[in-house]
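Start counting the sequence shown at 1; every next residue gets the next number (the numbering used here).
Incorrect hints may appear among the rest.
Said to hold, decoys possible - Straight line, CA to CA, 20 Å or less: simulated PhoX-like cross-link-like pairs of lysine-lysine:
1) K80 / K53
2) K28 / K9
3) K28 / K92
4) K13 / K95
5) K92 / K16
6) K16 / K26
7) K26 / K92
8) K13 / K92
9) K16 / K28
10) K26 / K47
11) K80 / K26
12) K28 / K80
13) K26 / K9
14) K92 / K80
15) K92 / K20
16) K95 / K20
17) K9 / K95
18) K47 / K28
19) K9 / K92
20) K16 / K95
21) K80 / K47
22) K47 / K20
Hints are computed from structural coordinates only; laboratory data are not their basis. Owing to the predicted nature of the structure, the values given are computational and were not obtained by experimental measurement.
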Amino acid sequence: MKNMGNMMKQMQKMQKQMAKAQEELKEKTVEATAGGGMVTVVASGDKRILDVKISEDVVDPDDVEMLQDLILAATNEALKQVDELVEQDMGKFTKGMNIPGMF
Numbered sequence: 001m002k003n004m005g006n007m008m009k010q011m012q013k014m015q016k017q018m019a020k021a022q023e024e025l026k027e028k029t030v031e032a033t034a035g036g037g038m039v040t041v042v043a044s045g046d047k048r049i050l051d052v053k054i055s056e057d058v059v060d061p062d063d064v065e066m067l068q069d070l071i072l073a074a075t076n077e078a079l080k081q082v083d084e085l086v087e088q089d090m091g092k093f094t095k096g097m098n099i100p101g102m103f
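Using the sequences and the hints, build the whole thing.
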């Protein structure tokens, strides 16, 4: 019974550490670019898009599709980087555990 109590304490400690890590992720940012830096997207660790910068050079009214593609590419890359950041920061809590759907 003592082992069960210790295990529960360890789980509670891990839950607190995970909650703290999730809060810290909100403060972290990633930046991704497309088109050689023509479009830049900044995202937070909780997958919020914080900023989109578009160079004037890439704005062509006759080629809106290219701009849309660059925005999509930069946004998708930023979200991919966030996933990698989450895996890096939160993966340490699930390392060695085979829990589907967890980081």
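For this session: Any hints from earlier that this structure breaks? Give me their numbers in increasing order, please.
Result: 2 and 13
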